[in-house]
Amino acid sequence: MNPVIPIRSAETLGCANTAVISEKGQRQVFCGLTGIIWLHRKIQDAFFLVVGSRTCAHLIQSAAGVMIFAEPRFGTAIIDERDLAGIADANDELDRVVSELLARRQDIKLLFLVGSCPSEVIKLDLSRAAERLCKQHMPHTRVLSYSGSGIETTFTQGEDACLAALTETLPARTSQGKHLLIVGTLADVVEDQLSLLLRKMGIDHFDFFPPRRSTTLPAIGPETVCVLAQPFLADTAKQLESKGVKRLEAPFPLGAEGTTQWLQVIAQAFAIDHTRFEEVTQAPRQRAEQSVARHRTQLQGKSITFLPDSQLEIPLARFVYQELHMKLLEVGTPYLHRQIMAPELEQLPSSTRLSEGQSLELQLDRCDADQPDLIVCGLGLANPLEAKGFTTKWSIELVFTPIQGYEQAGDLAALFSRPLARKLKLVA
Amino acid sequence: MRVATAMTNVHYVLHAPQGDTYADLLFTMIERLPRRPPVTYSTFQARDLGGDTAQLFKEAVANAFDRFQPQAVLVGSSCTAELIQDDPGGLARALNLPVPVIPLELPAYQRKENWGASETFYQLVRNLVKPADKDLSAAPHKPSCNILGPTALGFRHRDDVREISQLLQALGIEVKVIAPLNASVEDIRKLAQADFNVVLYPEIANTTAQWLERQFNQPYTRTIPIGVSATREFIREVTSLSELPIPVGLEDDMHSVWYSRSVDSTYLTGKRVFLFGDATHVVAAARFASEEMGFEVVGLGTYSREFAREVREAAKKYQVEPLITDDYLAVEEQIKHLHPELILGTQMERHIAKRLNIPCAVISAPVHIQDFPARYAPQMGFEGANVLFDTWVHPLMMGLEEHLLGMFREDFEFHDGAAPSHLGSSRVAETPVTALREVAQTELPKPITAQPASSAWSIEAEKELGKIPFFVRGKARRNTERYALEQGLSTITVETLYDAKAHFSR
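As given, the protein sequences belong to chains G and D, one line each in that order. Residue numbers for the first sequence, in numbering that gives the first Met the number 0: 0 to 427. Residue numbers for the second sequence, in numbering that gives the first Met the number 0: 0 to 505.
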């Protein structure tokens with residue numbers, strides 16, 4: 000009789016001390032401007048004015064795709080030749096564009112001036128412009144600024160920069176008692192589900208940041224603790240900590256395991272007793288496990304490589320390893336924040352090849368050598384990799400789809416199994 | 000990038016920050032190219048701005064050359080790199096690569112995309128082309144031409160090239176080189192060997208064709224073969240350039256002329272159409288719309304300022320005010336004002352059309368993924384005319400159907416809200432009119448200052464309006480409301496409705 004060999008016995012856990020391949024070279028990622036696409040849907044009375052070139056305008060139009068269906072709450076103040084001639088003129092021009100915009104759109108309560116590569120290079124001081132415009136347009140409209148430029152930020156870091164700027168304006172909390180701040184843009188449906196779970200546990204004092212309306216900014220005080228719901232918010236976390244908010248260290252709420260661990264950290268901080276926690280989480284956790292299990296049969300043992308894109312790569316790698324039993328080849332991330340990722344890295348197998356930054360051609364060479372069953376990558380690479388015979392998943396879909404929490408665990412797993420299922424179906 | 004991506008063995012090194020790599024996905028996702036564009040970005044970051052961005056660029060060029068072994072290297076700056084003034088041309092030349100290095104100066108703050116593509120093509124040709132061998136060109140040979148202008152990400156360029164190549168072949172003309180689409184560096188070198196050039200996309204190829212004419216006495220064609228009449232003219236133009244007779248049987252597969260004359264097409268008479276896009280497609284499409292579809296051109300415009308003169312001339316022909324702008328809000332205003340029954344535009348106008356619930360077909364880049372169809376669908380030549388007939392009629396209600404809906408509008412099946420039967424169920428729930436009103440209500444922000452309120456409809460007038468066939472009801476409603484506003488009437492009565500009708504039918 001053959002002995003039963005457990006598939007994953009040889010693996011030791013923990014990537015916290017693993018050497019990271021740190022690369023510099025050509026990158027294939029969006030810049031932080033693209034964060035506007037989900038931020039403008041979340042903060043419903045905010046407007047994002049990119050101060051940039053036609054290329055920036057084209058990027059957010061084509062990346063957003065939704066341009067003009069309804070008048071969008073983002074636009075571009077286009078820097079042209081005249082503005083390059085003198086910063087004073089550029090400032091006048093900016094003031095004029097903002098005044099016109101606010102006169103036409105009375106519904107805007109919060110205006111972000113978003114810096115781009117050209118505005119950074121010509122050193123247009125948007126924070127001073129924001130101060131100046133704030134004086135003109137308060138109390139009706141608050142004006143803030145942040146940089147979404149490609150020389151400063153990649154893709155999801157745009158949200159970090161935006162929320163870090165917004166943190167400065169959070170009012171002081173006057174009421175007593177421990178208070179939770181959940182940081183990071185989540186789909187409304189996810190917020191509602193998490194709210195329900197927290198209330199059932201007995202936690203009533205919590206807020207989501209960013210809020211759905213800029214007029215309902217959460218107040219923070221000495222008894223506020225925060226927990227990140229998205230992994231790319233290092234600067235925002237730092238800002239909050241500098242204001243005395245204590246950050247809870249937790250894995251991210253992806254999959255049945257991640258969600259449980261994330262909630263557990265919160266429950267412990269609020270001294271919720273264990274039985275209560277089990278009562279509240281048992282049913283949804285089981286549902287999540289069941290829905291994930293269906294996809295595991297297809298994905299178990301399949302190998303996967305993540306090319307860097309959103310900084311979600313490490314938590315996602317933990318999910319596909321832990322709950323779908325996939326084999327991790329390379330996990331690339333645009334930027335590795337060891338402290339924030341610590342609870343995630345602990346749970347990755349030590350054999351994982353971690354890489355930070357990008358040298359695109361070298362990374363593609365490694366893919367060729369590895370021949371992964373599935374590659375998670377940016378949109379610009381997906382079709383060329385498919386044409387070479389690889390199976391891919393667009394990482395951007397993982398940013399835009401609600402994937403957090405118990406009820407979304409199955410959907411998250413499906414995002415990985417669908418490309419492989421499709422490949423099996425097609426015969427021609 | 001459209002020029003480099005179209006070609007087979009060049010590589011473009013672009014001095015650019017990381018966000019600019021999004022341009023790749025226009026090719027791999029919208030055009031569904033199975034390969035990455037041959038572009039390497041230097042991907043500089045803020046921390047590089049201290050001083051070594053130039054070194055970074057040189058490394059990027061050297062690495063790209065080693066890896067891809069191109070036969071020519073293009074180098075240029077993105078809008079941001081332009082500001083840091085690193086001189087990519089000089090830096091790349093310093094590397095002494097064994098292949099031609101062509102620097103591109105594309106001032107992104109002054110010029111736009113079509114101009115950039117045109118300039119890129121021109122610089123490539125200027126740097127690479129070789130004079131034709133005198134003995135060879137003097138010897139008797141089959142008449143020959145090049146096809147100039149098609150690029151990657153162009154609107155149906157692939158199919159137009161196939162259609163026009165077949166046509167030229169049927170005429171007995173040899174096509175020597177097609178460029179830049181699928182051309183190699185070697186092909187570009189041979190451009191001067193042909194007898195003349197066929198310019199399919201003047202926005203991209205005019206500068207190059209003019210230069211080739213000056214340098215090598217190569218004439219080039221002016222007619223854009225979009226539509227049946229224009230295709231016939233094009234045939235006359237190339238046969239006179241090549242001194243060949245026009246063979247019979249060229250028009251055997253052409254159907255649009257008869258389809259346009261069939262009785263079912265009567266309903267197309269005088270349909271009001273608005274056109275916007277690149278100048279070439281707009282001018283050609285306006286002619287086809289007016290002369291071969293029987294539409295009324297109520298407005299046209301372009302974003303190509305370089306071709307404003309041509310568009311103004313066309314506008315004179317249809318006695319309309321041309322719109323030369325790249326401000327989509329201005330285009331939307333104009334469309335709202337003209338309330339056409341069909342829009343022929345770009346992807347931007349499709350968004351506007353969707354919002355205003357007006358049928359729309361695309362005639363020009365920039366385009367959407369669905370404008371790169373899997374099937375063969377040229378815009379040029381006789382087959383192109385067939386395609387235009389189909390795709391422009393498609394978004395409209397078909398003739399017989401439109402009449403039946405008018406005649407049986409009380410019928411449970413043929414009610415107002417019924418969508419065109421070929422457009423599926425997406426529009427079933429709403430009539431164009433209510434949708435328009437909803438859009439207007441949800442999207443107009445509440446003004447703080449009191450604006451003159453629009454006039455209210457009396458119950459009787461609203462009922463009377465319901466008796467008007469729904470496909471003209473939206474127009475009737477707008478006209479009546481405008482009339483009431485102009486007359487300062489607070490309530491719209493049945494009288495107002497008919498007064499307005501009389502007023503506008505003058």
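Just so you know, the hints here were simulated from the structure itself, not pulled from any lab data. These numbers were taken from a predicted model, which means no experiment stands behind them. The C-beta atom is built at its ideal place from N, Cα and C for all residues, glycine as well. Watch out, some of these pointers could steer you wrong.
Said to hold, decoys possible - Some chain G residues judged to face chain D by a derived CB distance under 7 Å, without partners named:
| # | residue |
| --- | --- |
| 1 | 52 |
| 2 | 56 |
| 3 | 117 |
Hint check:
1. The closest approach between the C-beta of residue 52 (chain G) and any C-beta of chain D is roughly 4 Å, which is under the 7 Å cut-off, so the hint is satisfied.
2. Interface restraint check: residue 56 (chain G) against chain D, minimum CB-CB distance 10 Å, threshold 7 Å, status violated.
3. Using the Cβ-Cβ criterion of 7 Å, the hint placing residue 117 (chain G) at the interface with chain D is satisfied: the shortest such distance is roughly 5 Å.
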